[in-house]
Amino acid sequence: MKTYNTDVTIIGGGAAGLAAAIEVNKGGKEVLILERGIELGGILMQCIHNGFGIKEFNKELTGPEYAQKFINEVNQLNIPYKLDTIVIEITLDKKIYAVNKIEGLIEINSKTIILAMGCRERTRGAINVPGFRPAGIFTAGQAQRFVNIEGYLPGKNIVILGSGDIGMIMARRLTWEGCNVKAVVEIQPYVSGLLRNEIQCLEDYGIPLITNYSLTKIHGKNRVKGVTISKVDRNFDRIIGSDQFIECDTLLLSVGLIPENELTRIAGAEISSMGGPIVDNNLETTLEGVFACGNVLQVHDLVDLVTAESKRAGRNAIEYINKRYKKKLKGIEKIHLSAGHNINYVKPDNICLGEILGEIIINFRVKNPDRRIQINIKDETNKTLYKKKKSYVIPSEMIELKINLNNMELNPKCNGLIVEVIPQLEPLIE
Amino acid sequence: MSSSEIYDIIIIGGGVIGCSIARALCKYELKICLLEKEADIAMGTTKANSGVVHAGYAAERKFTKRNLCIRGNKLYSEAVKELNFPFKRMGSFVVAFKVEEIKLLEEIRKRGIEDGILDLELILEKQRIKRMEPNISDDIIGVLHAPSAGIVSPYEMTFALAQNAAMNSVKFFRSQEVIKIDHSDYIFTITTQRNEFKSLNVINCAGLYSAKISKMLGLDYFDITPRKGEYVLFDRNTIQLNKILFPTPTKISKGILVCPTFHGNAFAGPNAQNITDIEDTSTTTAGLKEVLEGAKKIVPNLPLRASIRNFAGLRAVPSTYDFIIDNTDIYGFINVAGILSPGLTSSYAIAEKVIDFLELLGVELKVKEDYNPYRPKPERFTDFSKKELDKKIKEDSSWGRIICRCETISEKEILNAIQGPIGATTIDGVKFRCRAGMGRCQSGFCRPRVMEILSREMKLPYQAITKKGDDTNILIAKTKDLLLKEIIKKEIQK
Amino acid sequence: MTECEDRGIIKTIRCIVCPTGCLVEVRKDIGGEISFQGYTCKRGLEYAQQEHFDPKRIITTTIRVEDGIHPLLPIRSDSPLLKEKLSYAFKIIAKTKVKAPIKMGDILIKGIADENVNIIASRDMIKKKVE
Ligand SMILES: Cc1cc2nc3c(=O)[nH]c(=O)nc-3n(C[C@H](O)[C@H](O)[C@H](O)COP(=O)(O)OP(=O)(O)OC[C@H]3O[C@@H](n4cnc5c(N)ncnc54)[C@H](O)[C@@H]3O)c2cc1C
Ligand SMILES: Cc1cc2nc3c(=O)[nH]c(=O)nc-3n(C[C@H](O)[C@H](O)[C@H](O)COP(=O)(O)OP(=O)(O)OC[C@H]3O[C@@H](n4cnc5c(N)ncnc54)[C@H](O)[C@@H]3O)c2cc1C
Ligand code: SF4
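Protein chains in written order, with my numbering: chain A, 1 to 430; chain B, 431 to 924; chain C, 925 to 1055.
Quick caveat, the hints were computed from the structure, so don't treat them as lab data. It is possible that part of the hints are untrue.
Chain C side only, calculated, beta carbon under 8 Å to chain B, not exhaustive [said to hold, decoys possible]:
#1 981
#2 986
#3 996
#4 1014
#5 1019
#6 1023
#7 1025
DSS-like cross-link-like pairs, simulated, lysine-lysine; straight-line CA separation at most 27 Å [what the hints assert, rightly or not]:
#8 B:560 x A:156
#9 A:59 x C:1009
#10 C:1023 x B:889
#11 B:817 x A:101
On a predicted model such as this, the values are computed, not experimentally measured, just so you know. Using N, Cα and C, we set each Cβ at its ideal position, and we do this for glycine too.
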């Protein structure tokens, strides 16, 4: 068995892994990227539309362009990576086992690990769509891969379930390839992706967007023959008599992404209910010296934020190696950050005190869209320590806050903070 | 194949029943073939059921299925040694919430013991029950424990049976739907869409279609109606069940159970819905709701968020409500029809009974000298130790390429599934043989890779790869084909 | 005559520059003069004007590639193309084949449907190794 030793091992060579690797290399540490695909870049390589890099490069790049910039840099810096190499296990003592065709089983010993495995798509089973199980059902990302990379079309007459950005982008993509997208069906009363995509991907081509409807049956024993959709009430229960049949040969599901944490779980890190590992403000998981960034931690809608987060993970890994972390010394407290009103999840899960700490980045998503809101951070006694106004929030946008604990009147006994989004009390002045 | 070839026995239907009969007969010096209408065997009721090897106390004494089930259960022990399929005797609980139910369970236990299921036990100590199965509802007051009940992977067992039969020279023909049967001079001529087969004896194991097959010969003495059972399957490692959990049975059904699978998943189901369309394996909103609600009564902490798939299977319910295993009025034609639950459990016992019938018919049953009852266990990446793995990959590098990430299935396992006896020719065929695509991402990741391997191995274009045979192609055209076609159409119009 | 037409509104455009999504009304007065109303900021007006007089889109699609490690190469237009010309451009792209190796930014089709708009490669495409 071949064995490698390095400072930092990065699992996953997508946007997150690449940015973290570059940061670690620039910080003077040895790094190795393990990627199971045949090339670097991850999911970006199939996202051939533009809309990436506005924050990072101040330019609208396509997914592959964005990735290529980082791949080029990795190559210039001579950062080692292994392709076609899948990590199958991380042990409790941070040994990594991976396999590939050429070297067989590989063991890697490293001082720290950065998890950057990305996410996977929710499937039909996860949302329990009833009906037959014919050919012609794809997740949107799978269809995207077939069309953009493998070079095949999934079908001709298409219905898309879910109005997230991926669903809408695929609607346009397939239209451009000569397919007929019959409808995008959304269970929520609102479009879940960006307005820009609603207009440029659907409206531009007259693709009907049917909100407040859910898929209630898939027809066709061999190949999809059509779908029944039904209007739903506020509890998402089907309203009887509202069924509508749409003929189609293909159904794309764009019903959400889930962080891919099978390995993280095997390694023994605690996972939060939203699927990502529990991390502190250093992006360190509950396993010492194991960091997480990118979609494996939380599903991002903007790759620019993935890059920024992953650079942080890279820097923190270096810090860890340099032993500048004191929090592992016993007795240093953590504050738990939890999700309050209208908050779906919040990251990090914990903030380490003691080594404070200028700015802390907090990310969260809301449960429901709202306008004219106020974001509060409160302590357990309900005292508001931080507030910010915002004119709107939508579940599909991950929100980022930069807070400085030093500027807050933090009760020394405090061990929990709550983030909430509530309607504005005073009139809006932004 | 030449139509002059005359088989001793032709089996119609490649479900667990047809395949267990094929396997039981393959040890004799007989010329046998099996005809299956689908692109693969085990794709009918056999692939969509609970996979429970019942202890046998459930059916009433007047039914043959009771004895066949009790005997069938016992025969599993030997079969699994020879055929190496996934099977585990983990025991089942029938749970009672009410005092009357306890009375009923006591009745069941008594009769079961009289009929040879000696280890049936009624447990009333709640603590002990909870210790044995911590997930069970707090509201239960007692359980009937059947230690001999087990779980099996029904399709993997069927593949094992078929492979062993094929190793012992039974021929399998797939995509051969029987559409007509004639007989004259004690020879049956069976017509499929593609070919004609001749045989001295015919065994009808066509499941839901067995009445239709029987009627092809004018034997119109029973009907089969489909009864749908729907299921919800949960991801691996989301709930650890130690026991198969049944509610107390009613007259109509064994009820909705909560059950582990051999591979560590759990499922809830089935409900029971009489339907008319024999092809209707669709799931329904109401049905899935019924299943989850029923299951939650027994296991309140069911991991609802971790459901990865729903499916439905159809019970072939005969008008007699019992198995129909008959030497018919037509000499040489045996019906093995209406094999509803517990057909899977009974399969080995049913095969024994068929052999008895063949003997009555005067078929000479001479054991082959070179009969080999063993089917080796398929090698699995996840079964290897680290050292073995390293060695394996060095011997054959396709062990080192993981195709299905959720179930950790390597390219080699997929190649084995395709190249082995009665190899897979479709995506579902690969999936049911080696589990690629069965995990939580439901083939999101591995499908393109499985297609690439199938296309390479079968020397078929990528686009010709199907999910499960005719008309189930995954992809319709190459990217740009639709645009190019449009351009050509316009040019022609000009 | 509908109320909208009555008031001279010929079109409404939803501004996508920021998520507020203002509804901008495009009016034509009797003299044929076009005016815009409903935007909140200047960016909105500029957007609405562009969308009304000259709607353009960036093309992002793929092109067939020979000898590459993939059968398709992702491509884009280096500047936006008039919306009405998109469908023509896609057909030209569909008919074209390119050959690996290719570098990101390489111009693959010069002046597609518009002499100022080129199709460029969106990533590198290395040559497939022949075994
Ligand atoms: C379809 C889609 C459309 C998007 N559109 C936009 C957009 O328009 N604009 C925008 O800014 N953002 C967009 N995003 C978001 C952004 O692109 C992603 O959030 C970002 O690329 C994720 O990067 P990542 O590195 O976390 O994950 P990934 O790119 O998924 O990378 C994870 C990598 O890890 C590898 N890996 C996983 N497990 C293992 C293992 N066990 N061993 C070895 N390797 C492993 C995978 O092969 C993969 O390459 C989109 C995302 C998706 C999915
Ligand atoms: C919901 C449900 C739950 C169950 N649970 C259990 C359980 O827990 N334990 C248990 O012991 N049993 C159980 N059973 C019963 C068990 O699944 C069946 O008894 C068993 O699968 C029947 O196998 P078979 O071979 O008869 O049928 P099938 O698997 O349906 O096989 C018949 C085959 O014949 C083929 N065929 C049909 N017509 C033709 C034709 N014209 N030409 C060629 N081929 C043809 C079909 O394609 C099919 O492959 C359950 C059944 C259901 C539906
Ligand atoms: S007009 Fe201004 S405020 Fe209104 S959506 Fe456009 S950019 Fe936003």
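Hints and how they fare:
With a cut of 8 Å, the hint placing residue 981 of chain C at the interface with chain B is violated, because the nearest CB-to-CB distance is about 17 Å. Because the beta carbon of residue 986 of chain C sits about 6 Å from the nearest beta carbon in chain B, less than 8 Å, this interface hint is met. Because the beta carbon of residue 996 of chain C sits about 6 Å from the nearest beta carbon in chain B, less than 8 Å, this interface hint is met. Proximity of residue 1014 of chain C to chain B holds as hinted, the smallest CB-CB distance being about 6 Å (cut-off 8 Å).
Hint on residue 1019 of chain C holds. Least Cβ distance to chain B is approximately 7 Å, under the 8 Å limit. The criterion of a C-beta within 8 Å of any C-beta in chain B is not met by residue 1023 of chain C, whose closest approach is roughly 16 Å, and the hint is violated. Given hint, residue 1025 of chain C at the interface with chain B, is violated; its Cβ is 21 Å from that chain's nearest Cβ, farther than 8 Å. Note on residue 560 of chain B and residue 156 of chain A: the hinted pairing is violated, with a Cα-Cα distance of about 54 Å set against a maximum of 27 Å.
Distance restraint check for residue 59 of chain A and residue 1009 of chain C: the Cα-Cα separation of roughly 24 Å lies within the 27 Å cut-off, and the hinted pair is therefore satisfied. Distance hint between residue 1023 of chain C and residue 889 of chain B is fulfilled; the C-alpha atoms sit about 26 Å from each other, no more than 27 Å. The suggested pairing of residue 817 of chain B with residue 101 of chain A holds, with an alpha-carbon distance near 15 Å, which does not exceed 27 Å.
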